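Chemist: Here are the chains, one letter per residue:
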Amino acid sequence: MIGQRILLAVPSLIGVIVVAFVLTRSLPGDPAVYFAGITADEESIAQIREQLGLDKSIFHQFIVYCKNLTQGNLGVSLNTGQSVASELSARFPASLELTLTGLALALMAAIPLGILAAVNPNTWIDHLCRIFVTAGASTPIFFSGLLLVFVFYYLLGWAPSPIGRLDFFYLSPPKVTGFYTIDAMINGDFETAAAAAKQLILPAITLAIFALAPIARMTRSAMLTAMGSEYVKAATANGIGRRKIIFVYALRNAMLPLLTIMGLVFSYLLGANVLVEKVFSWPGIGSFAVDALVASDFAAVQGFILVMAVMFVVLNLVIDILYTLVDPRVSIDG
Amino acid sequence: MAKPFLQIKNLAVDFATRRGVVHAIDDININLNKGEVIAIVGESGSGKSVTAYSILNLLGNNGKIAKGSITFDGMNLENPSASLLKDIRGREIAMIFQNPMSTLNPIRKVGDQLSDMLRQHAQATSQTAPRKVIELLHKVEIQDTKRVTNAYPFELSGGMCQRVMIALALACNSRLLIADEPTTGLDVTTQKSIMDLIMGLVKHRNLAVILITHDLGMAYQYCDKFVVMEKGQVVEACDDHSLFTSPQHSYTKKLLAATPGISSKVEHLTPTVPVELSKPAVDVEKKELLKVEGLVKTYILKSQGGFKSQGNTFNAVDGVNFTIYQGECVGLVGESGCGKSTTSRLIARLEQPSEGRILFLGEDIGQVSDRDFIRSPRRKDIQMVFQDPTGSLNPRHSAFQLISEPILRLQKDFNKANLKDQVYQLAEKVGLPLELIYRLPHQLSGGQKARVGIARAIALNPKLLILDEPTSALDVSVQAIVLQLLEHLRREHNLSYLFVSHDLNVVRMLSQRILVMQSGKIVESGETAEVMSKPKHLFTKTLLAAIPQLAS
Amino acid sequence: MGDLLLNKNMVRNTDTKLDPELSQHSQNSATSEQHDWRQQTWYILSQNPISMFSIVLFLIFILVGITGPFWVPFDPIASDTSIALQAPSFLHLFGTDHLGRDVFSRVVVATRLDLWIALSAVSISALVGTSLGCLAGYFGGWYDRIIGRIADTILAFPLFVLAMGIVAVLGNSLTNVIYATALINIPFFIRVARAEVTIQRNHQYVQAALLSGNTHLRTLVFHIFPNCLPALMVQMSLNMGWAILNAAGLSFIGLGVRPPVAEWGIMVAEGANYIISGEWWLVLFPGLILMLAVFCFNLLGDALRDLVDPQKRT
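Protein chains in written order, with this note's numbering: chain A, 1 to 334; chain B, 1001 to 1552; chain C, 2001 to 2314.
No lab work stands behind these hints: they were computed from the structure.
Label pairs and their calculated CB-CB ranges:
# : chain 1 : residue 1 : chain 2 : residue 2 : range
1 : A       : ILE125    : B       : SER1083   : 16 to 26 angstroms
2 : A       : VAL314    : C       : ILE2146   : 16 to 26 angstroms
3 : A       : GLN82     : C       : ARG2218   : 51 to 61 angstroms
Computed list of lysine-lysine pairs in DSSO-like fashion (alpha-carbon distance at most 27 angstroms, straight line):
#  : chain 1 : residue 1 : chain 2 : residue 2
4  : B       : LYS1009   : B       : LYS1067
5  : B       : LYS1146   : A       : LYS244
6  : A       : LYS244    : B       : LYS1064
7  : B       : LYS1086   : A       : LYS244
8  : B       : LYS1521   : B       : LYS1287
9  : B       : LYS1521   : B       : LYS1541
10 : B       : LYS1132   : A       : LYS244
11 : B       : LYS1109   : A       : LYS244
Computed footprint of chain A on chain C, listed as stretches where at least three residues anywhere in the stretch have a Cβ under 8 angstroms from a Cβ of chain A:
#  : stretch
12 : 2147–2153
13 : 2162–2173
14 : 2293–2301
Remember, it's a predicted structure, so these values are computed and weren't measured experimentally. Backbone N, C-alpha and C fix where the C-beta goes; we use that ideal spot for every residue, glycine too.
Here chain A stands alone, though its shape is the one from the complex (with noise of 0.2 angstroms):
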């Protein structure tokens, strides 16, 4: 059963791959010149270019790029001289954890939500939630993380200035996670905690209000569904609790459309990431890829959109995983 869902996946991840690289070599520039530096001549740019691999057709270029890909080489950046697989892997964690924790903050505002305007369905309260996600959905990241730092940063001063994941009198906690507030806490060091935890704050409130209205939207229509329902009709005259119809019968059977927009909003969430972390100077591997692009530098895009795309892949396989828990149904229909 799984193992058939691991197999569905094969598709998309081979078409990603293919993407990616038809997509990073046909950025404009010349990787070989930018490498070999201004003063170099024409040949030295021809042995550059050779060692590089560019120089044989694409076809082969292709073969070497899956090969290495195998390998876990993702070649070097032109930016940073680093190899990219270790770029990305220092940025990774701390993209994670901000969306990770917008998604958390999301769910922990838009599932009540949804429900409370599910129960009380063209009332004052139903069109209060509904104004109030459809405004945080429709309001660009970038202005909303601009509006917090300027209330919060500027106006209040409660939150530092908008710049990493740690202000610079703090010392990054040993790696362990690669989450600063989980690693500082681990190390005991709950200051340290507290001040990753200060500066995680606004960005990850930025992307949870975008995140809000997808989630909020699908929890009011699912639930208004299933307590439109026969099962729920039933229930209620054999004289079942409201309470129990509302969290057992109605919330549980919402919870599956719900899950499978889990992933768009995902997707979403990555993609918003690239701009909170810029307002924001958080050294995720969004910002590292609004750099990459602008100095097509290839080896760097391409790992980053691969990154990317293979996560959601994944996370879509764990949707589908946890769907099939979820969902007795599943397993019989296909």
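Chain A is fixed; fit chains B and C onto it per the hints.
Modeler: Just chains B and C now, kept in the frame of chain A:
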């Protein structure tokens, strides 16, 4: 006289809708004593379900009781407090719904749902619940209790789900049972066993029962008192079976006539025999029109995850042979999933047969692919009338457009000037009032939609008309009119029908011969009178015995 | 529960109301239907002031987009450093930016460009996505597998990141921003069209159309597709908002529109450096209008959905 156990007095229910306030029911009076079984009979839109729902205050946010009172054992239920409702629902008054598959929570185990019910009403503790659940399942004659308690509803058959619903309803020894079309959507044979089970249980416990049904036969067989509703009003109430022998109200008479019985004839389905059907039908001459030989349709079952796996196939139609003669109506009867609809789609050439021959006037039309058959000259000779009068009409096309579609596409000598006349004539033929001809389907009633569907099917004078459950979505009074229309058209134009239905009683009236189908095979065939009076196959016998009948 | 019951009842009631077999009054159908439609639209709108608000707002945006450049008080690109970074005043309603340009005039003029980007991108993706989705939904089989794969592959990328990559590859220009935005919207149209066609395909009117001699393609185009239009309209409206956001996001990170062109996203980007020093109006006004435009399209999508199918509202 003592106050009745349940008394509904001058009840009126209003709904606030997008079109303003709708008076769903008005001035309803019903009295019911312990141990009595009352039937509320009516067609769709009569308000019979609303009446029942108002007893348990299940009217939803937009419905409210506008007038009248409901008294149950001395308690007033027309305006109940939340705590009273909590005590009443499920504990004093229980309810069984139609569509048992969707009235159980799809992702909660059956056993858990039963114990939810028991524990809600303090009938069991978490320790005693499992034992009580098994006891309950035994009461509804489920032997395989271990499997059923651990099953999800989708793993059980419709009949089994309804048994579980009955167990739920009876879990708390409630004193009034409301059954809202409890067997609609189930096969006839299952229907009978479910009704027998319910009635056995209620008689044993001396429960009061309200049975809501559209089926007069079922009401006759199982109930003591009767209420007939039409358009939100009670038109006739009767405390004994004299309703069926001497009905007072004209609507009751109409309903009774329209309900097909074991011996009723199609011309007697309306109170007055229509002129067109007053003459006796002529005999069919034995000229072969369609001959089906060894017809097989195989589907490949998809395994989990969507991969096709080898050898996992299923024969929906499994070697079917039959003949239809010109001017004849052949009935094809079977329960859901027996392959009768697939057979009709194969003959209509909407699907490709896997094996076998379909000979139409001697020509094997099974050879032509379903894609090319659209261009075949035979396309206009085989047409179809569909089951769902709403779904089979494109919601964006007016009746005129719908009827003219086959003429535009398939008629060779098509003449634009004649189109209007042609469509008007067809409308007249099927009795569709001309002032309705530019309406969209949603502005037409069920009966009118059925007429449009028939007009479209006969537009090009087809030689064979396949009727795929043409009346199963219609109310009996409308069904009566449509059946008469079909019979009239056959006699008038010498049409040939393949009448596919689950209802032996309906098929019997129109068909000269009957084919009985079970699991993809035809298990019995013969002259209608012969099959009905002397069924040979066991399945035909069960089918016949299961149909609820009015007094003969 | 209430909805379900209500729905059943409405159906019943319209049935009896229009059935001359049961009731005697047969009305003039055309006028009563028109009246009905208007009444229902009005009812929905009056029940839902937010929908009404979104329609009015939409009209205002269109009007400003068309006429804006003709009545703005200042030239949107003429700079004058002597009046740089002035706070909002009566003369400069939204203040001036770091080059002394009038923020209000720039915001107004930008309306046309932003709406144009969104409209052209969504039109392209609707056209391509709907065609592919219809084919996949109707014919199934290999069509479905291949088209489904295409949609899945696009969706396997974080979409904003993919758009960034495409613009970087094709070249940093406005046209390419439109193409990139169109491409990342395609999977949504494929999905909606495919789902709708799959639902419609199971209705018996499709079989009836085939029996009436329509070819498969004809059935798809003339019978099924018109019935999918309402759902597609809703999707288009929602994607308009999303396309505006996406285009603005791209110009925020320096892709697409280039200074000194007035565009909401780039204006916010230019103002971003000044927010920490308290010059808030550079970011606030373009950002707010941008948000309002997206908000308007999102609400409009909801309003359309309400009209088309009250049960499906999310």
